[in-house]
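One letter stands for each residue in the lines below.
Protein chains: 2
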Amino acid sequence: MVQTTQPNAAGKDGSMTRRRIMSGMRPTGRLHIGHLVGVLTQWVEFCKTDEAFFEVADLHALTTAFEDTSAIKRNTTELVLDWLAAGVNPERCAMYVQSHIPEISELHLLLSMITPVSWLQRVPTYKDQIAEFGSEIATYGFLGYPVMQLCDIAIVRADTVPVGKDQLSHLELGREVVRRFNHLYGATLVEPQGTLSEFPDVPGLDGRKMSKSYDNHIEIADDAATTTKKVRSMITDPLKIRRNDPGRPEICPVFALHRMVNAVRVPSIAETCRSGALGCVDCKSELSTKMNEVMAPMRERRASLDEAQVGAILSAGAEKVRAVAKTTLADVKTAMRLP
Amino acid sequence: MVQTTQPNAAGKDGSMTRRRIMSGMRPTGRLHIGHLVGVLTQWVEFCKTDEAFFEVADLHALTTAFEDTSAIKRNTTELVLDWLAAGVNPERCAMYVQSHIPEISELHLLLSMITPVSWLQRVPTYKDQIAEFGSEIATYGFLGYPVMQLCDIAIVRADTVPVGKDQLSHLELGREVVRRFNHLYGATLVEPQGTLSEFPDVPGLDGRKMSKSYDNHIEIADDAATTTKKVRSMITDPLKIRRNDPGRPEICPVFALHRMVNAVRVPSIAETCRSGALGCVDCKSELSTKMNEVMAPMRERRASLDEAQVGAILSAGAEKVRAVAKTTLADVKTAMRLP
Numbered sequence: 005m006v007q008t009t010q011p012n013a014a015g016k017d018g019s020m021t022r023r024r025i026m027s028g029m030r031p032t033g034r035l036h037i038g039h040l041v042g043v044l045t046q047w048v049e050f051c052k053t054d055e056a057f058f059e060v061a062d063l064h065a066l067t068t069a070f071e072d073t074s075a076i077k078r079n080t081t082e083l084v085l086d087w088l089a090a091g092v093n094p095e096r097c098a099m100y101v102q103s104h105i106p107e108i109s110e111l112h113l114l115l116s117m118i119t120p121v122s123w124l125q126r127v128p129t130y131k132d133q134i135a136e137f138g139s140e141i142a143t144y145g146f147l148g149y150p151v152m153q154l155c156d157i158a159i160v161r162a163d164t165v166p167v168g169k170d171q172l173s174h175l176e177l178g179r180e181v182v183r184r185f186n187h188l189y190g191a192t193l194v195e196p197q198g199t200l201s202e203f204p205d206v207p208g209l210d211g212r213k214m215s216k217s218y219d220n221h222i223e224i225a226d227d228a229a230t231t232t233k234k235v236r237s238m239i240t241d242p243l244k245i246r247r248n249d250p251g252r253p254e255i256c257p258v259f260a261l262h263r264m265v266n267a268v269r270v271p272s273i274a275e276t277c278r279s280g281a282l283g284c285v286d287c288k289s290e291l292s293t294k295m296n297e298v299m300a301p302m303r304e305r306r307a308s309l310d311e312a313q314v315g316a317i318l319s320a321g322a323e324k325v326r327a328v329a330k331t332t333l334a335d336v337k338t339a340m341r342l343p
Numbered sequence: 005m006v007q008t009t010q011p012n013a014a015g016k017d018g019s020m021t022r023r024r025i026m027s028g029m030r031p032t033g034r035l036h037i038g039h040l041v042g043v044l045t046q047w048v049e050f051c052k053t054d055e056a057f058f059e060v061a062d063l064h065a066l067t068t069a070f071e072d073t074s075a076i077k078r079n080t081t082e083l084v085l086d087w088l089a090a091g092v093n094p095e096r097c098a099m100y101v102q103s104h105i106p107e108i109s110e111l112h113l114l115l116s117m118i119t120p121v122s123w124l125q126r127v128p129t130y131k132d133q134i135a136e137f138g139s140e141i142a143t144y145g146f147l148g149y150p151v152m153q154l155c156d157i158a159i160v161r162a163d164t165v166p167v168g169k170d171q172l173s174h175l176e177l178g179r180e181v182v183r184r185f186n187h188l189y190g191a192t193l194v195e196p197q198g199t200l201s202e203f204p205d206v207p208g209l210d211g212r213k214m215s216k217s218y219d220n221h222i223e224i225a226d227d228a229a230t231t232t233k234k235v236r237s238m239i240t241d242p243l244k245i246r247r248n249d250p251g252r253p254e255i256c257p258v259f260a261l262h263r264m265v266n267a268v269r270v271p272s273i274a275e276t277c278r279s280g281a282l283g284c285v286d287c288k289s290e291l292s293t294k295m296n297e298v299m300a301p302m303r304e305r306r307a308s309l310d311e312a313q314v315g316a317i318l319s320a321g322a323e324k325v326r327a328v329a330k331t332t333l334a335d336v337k338t339a340m341r342l343p
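From first to last, the protein sequence lines are chains P and W.
In this text, residue positions in the first sequence follow the numbering used here: the first is 5, and each later residue adds one.
In this text, residue positions in the second sequence follow the numbering used here: the first is 5, and each later residue adds one.
Hint data in this document are derived by calculation from the structure and do not stem from the laboratory.
Here the structure is a predicted model, which is why all the values come from computation and not from measurement.
Take these hints with a grain of salt, some might be off.
Simulated pairs of lysine-lysine, DSS-like, Cα-Cα distance not exceeding 25 Å [claimed, not checked]:
hint, chain 1, residue 1, chain 2, residue 2
1, P, K337, W, K77
2, P, K77, W, K337
3, P, K131, P, K169
4, P, K324, W, K337
Just a few of them, taken from the derived set where beta-carbon distance is under 10 Å, the chain P residues facing chain W [claimed, not checked]:
hint, residue
5, V60
6, T67
7, T73
8, L111
9, L113
10, M117
11, W123
12, Y189
13, D205
Ideal placement from N, C-alpha and C gives every residue a C-beta, glycine not left out.
All chains should be built: construct the whole structure from the sequences, respecting the hints.
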């Protein structure tokens, strides 16, 4: 269904070692099936094979949205519901809210003391994002974003971090700060390794990459009727006007989604689309039926959970994380010889 | 003995209101009698009339001394011993170590999100200190120093902060951040008022301002013999060479110290110095006797305390502070609508 990184690294003796993985998402709203077949499928695998820490990055959300914070709380619940719906198993990982871990803030202040301002100003995304969001986001917190991101990772001593290409420079900065810390105060922090996670683009209803900002997405939380209606509205090959016209599945977003949820039928759909035997209406109908079939257990799981249960999962997650975080922070303070 | 600010502000009805005062010092070593007759005397008064929070600013020390932190722990103990020796009453204030209050770091991260980088770059001391200490101190933490200072104040909701002239720009920036917070999220933080505290310069052994960096100081912790020896080495009026030469008390550092510890004898000393009847040896001898008399109870108090007792005082102080700090932080998070 999706390419993931190698879930386990083989040790020297050929044995499999459990990695400690840290990843997170900002609470900006519900997730869509693009997230599902990409990052969330990878997270589900991590839960099976590795030790995983998944963070709701509410403090990161403040870097670009400090002026209106009214949706963060609701979005946190929605985000975690989507994780759970997708099958991320809270018993096999730690799911938690960043601001519930005070040790992250403490480590952030300490590491900020050894991070040259010039390193932060050089991060390529810093100027890019100011250009995108406007100069009012040029806050002290926004400038320090890569330090905060490092602290998320370092506080749980994660050794592995799934990253997209655009985040490689942040991780590299983080690794430099860790090296500087270990050089100044003795080996204390783990230098995290990035594992490049690039997922195939999932096309949206209009054929562009599925994205909330294009409003061309199908949410994990969408019900069957909404999904069917959205699939029915999808664009297809513009040259296939009548039912019997031959189609080009390789450029059709409906076909791309078949690949994701209806793999066994793909060869036959490709053939009948090309021959003209399969019309778009029927093809879409099969897609929405199949998609609803795949999504049904996720929707059920999502519907069976309420805010209180999410709260309990996040509390338990914070407790797990703080057990590790307190030790890391104590080691850091000892290394720095603080009173 | 020393000019202090008005210890209490009269309310509208003429009543006296207890202020909440916050101040701190970096743990950089033992204090000298210049600190004693200046800031520490003021602190002793604050304990009597106001609600006072006195912080060992160990995290601030990291902004300029992150490369060698080996002395911070010992210096913290020495600093607090000097406070206690001077008569700052731990029962009537909170004495605590900055890094023992995680809520300061948490608030720092939150307020960093609403503090424009440009405000921090404009603080006059930022460039001055880089010029003084070198560009290696241009760290992210050093740039954010005024935010950290604001958090020390804001976390205990202090309304009054004694400041020297050089710190007025920091406080003004802090007040702006508070106003911005209250504007964005609703009235939550107290806007602290500065109370300008300028103390008369205490001359050192060489006539320049007493300062550890000039090595011309008498420590609070110095014993009687050391004090006597140091006073004997003081410079006096260079034109008074022989005992009977007339002296100029107004330019003599020995005379300046008489003013501080031997006020009743000042008119007579001035007269006999000017006439030539009083020689420098006798004058110094009287000063060291008097000074040792004044310092004796402080030295005894200092000697009676050990590291464990200082630790207990700082633990109790941290507990007092955290009771307030937790409430402030909870209010801040609620105002920001964090999960």
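_Non-conforming hints, listed in increasing numerical order_ = As far as the earlier hints go, only 13 is violated by this structure.
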